[in-house]
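I would like the entire structure built from these sequences, with the hints used as guidance.
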Amino acid sequence: MTTPVATREHAEGPARAEVPGCEPPENPVTKFLRTDRLPHIWCAGCGIGTSVNCFARAVDACKIPLDRISVVSGIGCTGRVAGYLRLDSFHTTHGRAIPFATGLKLANPELKVVVYSGDGDLTAIGGNHLIHAGRRNVDLTVICVNNFTYGMTGGQVAPTTPLQAVATTTPYGNLEEPFNLCHLADSAGAVYVARWTTYHVRQLQKSITKALQKKGFSFVEVLSPCPTLYGRRNRVGDGLAMERMFKERCVVKNGAATHDTAFDALAPGQIPVGDFVDRDRPAFLQRYNQTMRAQLGDDFMPYGEPEIDARAEADLFAGPEG
Amino acid sequence: MQADRIGVLTGVHFIDGDFAAAEGAIAAGCRFAAGYPITPSTEVVERLASRFPFVGGLFIQMEDEIASSIAIQGAVWAGAKAITVSSGPGISLMAEHIGYAAMTETPCVFVNVQRGGPSTGLPTLPGQADVMQARWGSHGDYGIIALCPNSPQEAFDLAVTAFNLAERYRTPVMLLLDECIGHMLEKVVIPPADEIEVVPRKLTEKKPGEYLPYLPGENMVPEMVKAGMGHRFHITGLTHDERGYPVMTAAAQEKLVRRLVDKIRLASRDVALYEGRWLDDAEVVVVSYGITSRVVHRAVEVAREHGAKVGQLRLKTIWPFPEHLIDQVLGGRVRSIVVPELNLGQLVLEVERVVRGRAKVVPIGHAGGTVHEVGVIVEAILEAGK
Amino acid sequence: MSDATTSEIRIAGFGGQGVILAGMILGKGATIFENRHATLVQSFGPEARGGSCSAQVVLSNQPIAYPYVARPQVLVAMSQEAFERFAPDLAPRGVLVYEEELVKVHDLRPDLRSFGIPATRIAEELRRRMVLNIVMVGFVAAVTGLVGIDAARKAVLDSVPKGTEHLNVTAFDKGCEYGRRLITGGPAGEGKA
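Protein chains in written order, with the numbering used here: chain E, 1 to 322; chain D, 1001 to 1386; chain Y, 2001 to 2193.
Quick caveat, the hints were computed from the structure, so don't treat them as lab data. Small disclaimer: the values here were computed from a predicted structure and weren't measured. Take these hints with a grain of salt, some might be off.
What the hints assert, rightly or not - What the simulated footprint calls covered on chain E by chain D, stretch by stretch (three residues with Cβ under 8 Å from a Cβ of chain D suffice, anywhere in the stretch; the number is not a length):
| id | region |
| --- | --- |
| 1 | 60-71 |
| 2 | 74-87 |
| 3 | 105-119 |
| 4 | 128-134 |
| 5 | 297-304 |
Glycine residues also receive a C-beta, built at the ideal position from the N, C-alpha and C atoms.
This is how it looks when you write it as structure tokens:
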């Protein structure tokens, strides 16, 4: 396993000149960070830190109390996000952030639960959970940092790796066509789907804000450079070169049908970005409560309401054995 | 603390072990369950799915056992008592998350209604071949508690106990039924709520900033917390320090993993539940658990009618293995220990390890699919007593 | 069995006949409504309908350690296959109870007694073929006395879906009545007691 070189730059922003008697204003993102855990493990030029910056600002914009938000990550470079955020945070197992988050959310509906993980974690090993959470419309926000490869294990092919790209496990080029993640999330039933890159920091922050405010399953794909293990190997260049590539090739197509948003990161051509899907559908718990209320009437006790009342005295269950 | 009466179906019932385990979970305060259908365990979650909406609980059928076994842990960190249920192949899929629960010290209950294996094996028929899997099923070193009921009544009782031990030791607990107990109907008496002891989740009372999620407390067990309390804690399956932060060193590994193992090892005497019969004059002792113990019950009666001085030690707690009970048994006149199980020799390895040659140990393996014939065990007892 | 208060019963037929429910009602009658003890071990094939299906029931005044039935005192056979397979296992002087239109009894050991009932036809006369198992339970209770009639009737009420109580109790009573007449040598049957 390769541990990328640590750097402080992304998390703390550029150094400020110290002016005597004039304290620099606190970086608005600092309160979100476990500064005692820095430096982080991400490489110079990696986009994950940038996405975290956007996320923190989006949470600020939503004014969600920080004690009420939980972040759940899987395994991988992006899987380390949970560990750097000064929130209730869960670094789970590989691919299983979404089902963990499902349990967390359903067992305390008052929490705002965010899944923050990478493309390999969420769409390969965790792909089944992704589509089922979308289908169920569990009230979760999923932020998927897509850097086209497995970074932490050293640059293997992922379900998002472009055709013909070189990875350590496809030394002669990738044979498999990649997923269009936004189309996948849309098809599964997500109520909000957006794609941006780490170049589009303002738009990304806005979309994460919308995703956090949306009731139901929201999915934000963040295209991000992995200079160390993807860019270098595929002659895309360093982090800066990849950001430049995003700038030049991305075309904003808000509201585009997601089946028209596929792209090939290695070949020339447009990369569609934007807010693609924004619709309403009852979230899992909403439908659960409605259905149970309709079926069981006053006998229904919603989750988290264990008050002892008159119902306790009645025969609560007239099942087959009485 | 007593059980919340809203969840307790006080009265006399004629139900199977699967239903009884579900009722035990509800009585223990479990209000979240996730599962995936698999014979012969499905009735447990079917029961929960029908009962939970009446008692403020929630069941969700997940897309697979992997998802189920981690969803319950999410629920636990939101403050719920939670359970997942499966059988052989499904438990194999859950294995990684049993380790995650051990590593993160997430109190939860895994039910395994054992069927014949390996692989798809005998879905509708019994086995007891997941005994070692219960102990060692996940990778790495950890301790775990596993309980083996031998009746629907005990499936109820030990489901309550499983939740209580999970809370007391902040550990996953396995409740190991077998197809026979799971599908057998018998009288189950559910006592009034105030006669059922329930251990509540002990959440920290420390202020944010003072609480450390992995600072060992009483019995080496750290205090528990839940999301939303303001502690902004971190949980990881990586080797971690008392703050819960990852630390990739041999020293941190030694400190953490040794505590995880010792925590359960030292609890061995406190959690060892068992039943003994005719042990006082016994020269032969039959050690058994689960459905096999009911066949042994008959076999011991028959062998005693034949004049054999035979006793029975029935283990309700199989993990941590109750070494002291085997030592106690050996204190008497025991020359042989007979160990029938519906596998080809699993828990007998533990018996042999503890006996260390002080008595003859006779395994009676059976590949599963049904129970032992009484005569086979009787014969082994008579032979061992010669 | 080691004591006279213990009875072992096998109920067998094919899936969909309600074999397990029939056993469950007997067990429930004994445990919940007579405060005795009962065990029921079920075995069935993987198919939900049509496969062979059997229940082993033990009833006793004392707790039951061993729940398996090798040589039952009573066999309730609801299919030909069940009869062929299990009748030879009946204990000496055991009782065979059978669905007489589905089971053709032959070569019965002379020490056995047998009682037949056209349970399916009776159920069909009630316009619900599915209650044949309840008819059978009433019949079994009447001819064997394994479980008291009152306890068995209460167990029926306690086991059937809401809204079907009247139908099921009627089915039970029909089976019971048929059995009583058979025992007392009434016109209904040809009990070979």
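Now for the hints, and whether the structure bears them out:
Interface restraint, the region 60-71 of chain E with chain D: holds (4 residues with C-beta to C-beta distance below 8 Å; minimum three). For the region 74-87 of chain E, the stated coverage by chain D holds: 4 residues have a C-beta nearer than 8 Å to a C-beta of that chain, and at least 3 were required. With 6 residues having a beta carbon nearer than 8 Å to a beta carbon of chain D, the region 105-119 of chain E meets the requirement of three or more and the stated coverage holds. Under a criterion of three residues with beta carbons nearer than 8 Å to beta carbons of chain D, the stated coverage of the region 128-134 of chain E is upheld, 3 such residues being counted.
Given as covered by chain D, the region 297-304 of chain E passes the check, having 6 residues with a CB less than 8 Å from a CB of that chain where 3 are the minimum.
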